[in-house]
Amino acid sequence: MPSLKDLKNRIGSVKNTRKITKAMQMVAAAKLRRAQEAAEAARPYAERMHSVMAGLASSVQGRDNAPRLLSGTGSDKVQLLVVMTAERGLCGGFNANIAKLARQTAEKLLAEGKEVKILTVGKKGRDALRREYGQYFIGHVDLSDVKRLSYDDAQKIARDLIGRFDNGEFDVATIFFSIFESVIAQRPTAKQIIPASYEPEEGEETPSVNYDYEPSETQILEDLLPRGVATQIFTALLENGASEQGARMSAMDSATRNAGDMIDKLTIEYNRTRQAAITKELIEIISGAEAL
Amino acid sequence: MADTMQFDLVAPERKLASEEAAVEVMVPGADGDLTVMPGHAPMLTTLRPGKLTMVTRSETQSYAVTGGFAEITPEGITVLAERSLPAEEFTKEVHDRLIEEARRVHDEAHPSVADMTAKLLADMEALGSHMLS
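Chains as they are written, first to last, in my numbering: chain B, 1 to 292; chain D, 1 to 133.
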């Protein structure tokens with residue numbers, strides 16, 4: 001039976017925890033709004049890019065001189081998994097879900113006899129995968145100093161990837177990130193970015209316009225493909241940013257609620273214990289008086 | 001035929017400009033500048049660093065772009081610029097920084113692409129004389 005003082009201390013510390021989780025929830029809510037705005041603002045560019053690329057890609061597809069970023073190396077032996085997670089924890093299952101998806105994919109690829117390489121973006125994913133797949137790690141991108149994601153960050157990652165691809169370090173690259181659906185739902189997703197696959201989106205018609213190309217079609221494509229990779233990474237980073245804040249917000253919301261429940265329970269226990277002590281004292285006084 | 005067209009300038013991070021009634025747009029294409037007017041044949045072109053000018057009936061607005069591409073249809077033009085800013089915000093400092101960056105890329109570049117980076121550097125330098133004069 002905990003003493004009154006213990007209970008009081010306990011209630012005090014849970015109250016402090018609730019204050020912290022409440023504050024974190026509000027910070028996450030503010031950051032979420034900003035992250036969503038950023039994702040929203042980046043959408044027109046990504047959509048345009050996608051439709052132009054889809055049109056271009058379908059017209060070059062099947063030609064012998066198609067750029068390797070589009071047609072691939074003709075093999076899928078070496079698979080690169082780019083695992084994008086958050087730099088910080090305390091955001092529910094966000095990091096764990098992405099790591100889980102990456103782990104399943106790696107497992108499957110290894111079972112098929114493929115070679116797996118892993119590049120991590122964000123500290124949490126690296127920590128989660130290090131124990132099992134540490135030997136496959138080929139690099140890590142640290143974004144912990146980045147306050148606001150910019151296109152440059154995505155471009156750096158894209159350059160790194162393309163450099164490695166040109167050196168023949170891998171055949172297929174897949175990015176793992178979380179799509180932001182709502183505050184309570186984030187969907188871990190895997191998306192192949194090299195070789196680029198530009199499927200026309202559902203309901204969207206492939207533009208049938210015959211464009212003039214300046215300079216040539218292939219040259220434009222060669223110029224655009226690296227940008228396409230950067231854009232896709234940028235979109236993924238932004239989605240991930242919004243997802244992270246959304247996940248943290250709902251995690252902290254339930255933590256706040258749990259702390260509240262706990263305080264209620266502890267308070268009841270505290271009151272009962274106090275009452276019991278008073279009753280006990282009264283009994284002692286009364287029985288003492290009777291004995292006289 | 002319509003005598004105005006839609007003009008959109010988008011950067012990866014945000015939409016910079018959208019104008020429904022553009023009369024002509026001057027674009028620094030990779031193979032040379034071109035002016036787009038309503039009803040232009042559909043075309044795709046990459047951009048070199050340069051000055052982009054959009055003219056409506058009432059105003060003229062210029063932007064500095066550092067590369068990207070433009071999609072042109074008879075109904076309008078969409079410019080997807082990697083980095084771009086309105087002419088008023090393009091100062092000497094910004095220009096110096098861009099040149100410095102281009103120079104660094106050129107210095108570090110592999111010999112096989114040195115021609116390309118040298119052109120980029122030259123375009124960047126020329127950008128200043130277009131924008132700042």
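Just so you know, the hints here were simulated from the structure itself, not pulled from any lab data. No residue lacks a Cβ here, since even glycine has one placed at the ideal position from N, Cα and C. Please note that the accuracy of each hint is not assured.
[Claimed, not checked] Keeping only pairs whose Cα atoms sit at most 20 angstroms apart, straight-line, the calculated DMTMM-like set for lysine to aspartate or glutamate is:
1) B:Lys156 x D:Glu19
2) B:Lys191 x B:Asp160
3) B:Lys15 x B:Asp261
4) B:Lys114 x B:Glu132
5) B:Lys31 x B:Glu47
6) B:Lys191 x B:Glu47
7) D:Lys51 x D:Asp123
8) B:Lys77 x B:Glu115
9) B:Lys108 x B:Glu132
10) D:Lys119 x B:Glu222
11) B:Lys31 x B:Glu87
12) B:Lys156 x D:Glu13
13) D:Lys51 x D:Asp96
14) D:Lys15 x B:Glu47
15) D:Lys51 x D:Asp3
16) B:Lys123 x B:Glu87
17) B:Lys15 x B:Asp253
18) B:Lys114 x B:Asp152
19) D:Lys119 x B:Glu132
20) B:Lys156 x D:Glu100
21) B:Lys5 x B:Glu281
22) D:Lys15 x B:Glu222
23) B:Lys265 x B:Asp253
24) B:Lys100 x D:Asp123
25) D:Lys15 x B:Glu214
26) D:Lys51 x B:Glu214
27) B:Lys117 x B:Glu37
28) B:Lys156 x D:Glu82
29) B:Lys22 x D:Asp107
30) B:Lys100 x B:Glu181
31) D:Lys15 x B:Glu40
32) D:Lys119 x B:Glu214
33) B:Lys147 x D:Glu13
34) B:Lys31 x D:Glu13
35) D:Lys15 x B:Asp152
[What the hints assert, rightly or not] To be clear about the criterion: a stretch of chain B counts as covered by chain D if any three or more of its residues have a C-beta under 8 angstroms from a C-beta of chain D, and this derived list gives those stretches:
36) 22-29
37) 36-44
38) 47-57
39) 245-252
Status of the hints after comparison with the structure:
The suggested pairing of B:Lys156 with D:Glu19 is violated, with an alpha-carbon distance near 32 angstroms, which exceeds 20 angstroms. Our distance criterion of 20 angstroms between C-alpha atoms is met by B:Lys191 and B:Asp160, whose separation comes to about 18 angstroms. Our distance criterion of 20 angstroms between C-alpha atoms is met by B:Lys15 and B:Asp261, whose separation comes to about 11 angstroms. Note on B:Lys114 and B:Glu132: the hinted pairing holds, with a Cα-Cα distance of about 17 angstroms set against a maximum of 20 angstroms.
A hinted pair counts as satisfied when its Cα atoms are at most 20 angstroms apart, and B:Lys31 with B:Glu47 does not qualify at roughly 24 angstroms. For the hint linking B:Lys191 to B:Glu47, the alpha-carbon distance of about 16 angstroms falls within 20 angstroms, and the restraint holds. Annotation: proposed proximity of D:Lys51 to D:Asp123 holds, straight-line Cα distance about 11 angstroms (limit 20 angstroms). Between B:Lys77 and B:Glu115 the CA atoms are separated by roughly 6 angstroms; this keeps the pair inside 20 angstroms, and the hint holds.
Taking the CA atoms of B:Lys108 and B:Glu132, the gap is about 14 angstroms. The hint holds against a cut of 20 angstroms. Between the alpha carbons of D:Lys119 and B:Glu222 the distance comes to roughly 17 angstroms, so the proposed pair stays at or under 20 angstroms and holds. Distance restraint check for B:Lys31 and B:Glu87: the Cα-Cα separation of roughly 15 angstroms lies within the 20 angstroms cut-off, and the hinted pair is therefore satisfied. Proximity of B:Lys156 to D:Glu13 is assessed by CA-CA distance (about 15 angstroms); at most 20 angstroms being required, the pair is judged to hold.
Straight-line distance between C-alpha atoms of D:Lys51 and D:Asp96 comes to about 16 angstroms, which keeps the hinted pair within the 20 angstroms bound. Distance hint between D:Lys15 and B:Glu47 is fulfilled; the C-alpha atoms sit about 12 angstroms from each other, no more than 20 angstroms. For the hint linking D:Lys51 to D:Asp3, the alpha-carbon distance of about 23 angstroms lies beyond 20 angstroms, and the restraint is violated. Between B:Lys123 and B:Glu87 the alpha-carbon distance is near 5 angstroms, which keeps this suggested pair within the 20 angstroms criterion.
The hinted pair formed by B:Lys15 and B:Asp253 meets the criterion: a straight-line CA distance of about 15 angstroms does not exceed 20 angstroms. Only pairs whose Cα atoms come within 20 angstroms are accepted, and B:Lys114 paired with B:Asp152 is rejected, the gap being roughly 32 angstroms. Using a Cα cut-off of 20 angstroms, the hinted pair D:Lys119 and B:Glu132 is violated, with the two alpha carbons roughly 47 angstroms apart. Pair hint B:Lys156 plus D:Glu100 holds up; C-alpha atoms about 18 angstroms apart against a cutoff of 20 angstroms.
Distance hint between B:Lys5 and B:Glu281 is fulfilled; the C-alpha atoms sit about 17 angstroms from each other, no more than 20 angstroms. For the suggested pair D:Lys15 and B:Glu222, the alpha carbons sit about 24 angstroms apart, so the restraint of at most 20 angstroms is broken. Taking the CA atoms of B:Lys265 and B:Asp253, the gap is about 19 angstroms. The hint holds against a cut of 20 angstroms. The suggested pairing of B:Lys100 with D:Asp123 is violated, with an alpha-carbon distance near 47 angstroms, which exceeds 20 angstroms.
Only pairs whose Cα atoms come within 20 angstroms are accepted, and D:Lys15 paired with B:Glu214 is rejected, the gap being roughly 24 angstroms. About 18 angstroms separates the Cα atoms of D:Lys51 and B:Glu214, which keeps this hinted pair within 20 angstroms; it holds. Proposed proximity of B:Lys117 and B:Glu37 is contradicted: the alpha carbons are some 33 angstroms apart, above 20 angstroms. Simply put, B:Lys156 and D:Glu82 have alpha-carbon atoms about 14 angstroms apart, close enough for the 20 angstroms limit, and the pair holds.
Taking the CA atoms of B:Lys22 and D:Asp107, the gap is near 51 angstroms; set against the 20 angstroms cutoff, the hint is violated. This hinted pair checks out: B:Lys100 and B:Glu181 have alpha carbons roughly 19 angstroms apart, not beyond 20 angstroms. Taken as a hint, the D:Lys15 and B:Glu40 pair is honoured in the structure, with Cα atoms around 10 angstroms apart against an allowance of 20 angstroms. About 17 angstroms separates the Cα atoms of D:Lys119 and B:Glu214, which keeps this hinted pair within 20 angstroms; it holds.
With a CA separation close to 15 angstroms, the supplied pair B:Lys147 and D:Glu13 stays within the 20 angstroms bound. For the suggested pair B:Lys31 and D:Glu13, the alpha carbons sit about 17 angstroms apart, so the restraint of at most 20 angstroms is met. The suggested pairing of D:Lys15 with B:Asp152 holds, with an alpha-carbon distance near 17 angstroms, which does not exceed 20 angstroms. For a cut-off of 8 angstroms, the count of residues in the segment 22-29 of chain B with a CB near a CB of chain D stands at 0, and the three-residue condition is violated.
For the segment 36-44 of chain B, the stated coverage by chain D is satisfied: 4 residues place a CB nearer than 8 angstroms to a CB of that chain, which reaches the threshold of 3. Chain D is given as covering the segment 47-57 of chain B, and this holds because 4 residues of the stretch bring a CB closer than 8 angstroms to a CB of that chain, at least three being needed. As drawn, the segment 245-252 of chain B meets chain D at 0 residues by the rule of a beta-carbon pair under 8 angstroms; below three, the given contact is violated.
Violated hints, listed in ascending order, are 1, 5, 15, 18, 19, 22, 24, 25, 27, 29, 36 and 39; each of the other numbered hints is respected by the structure.
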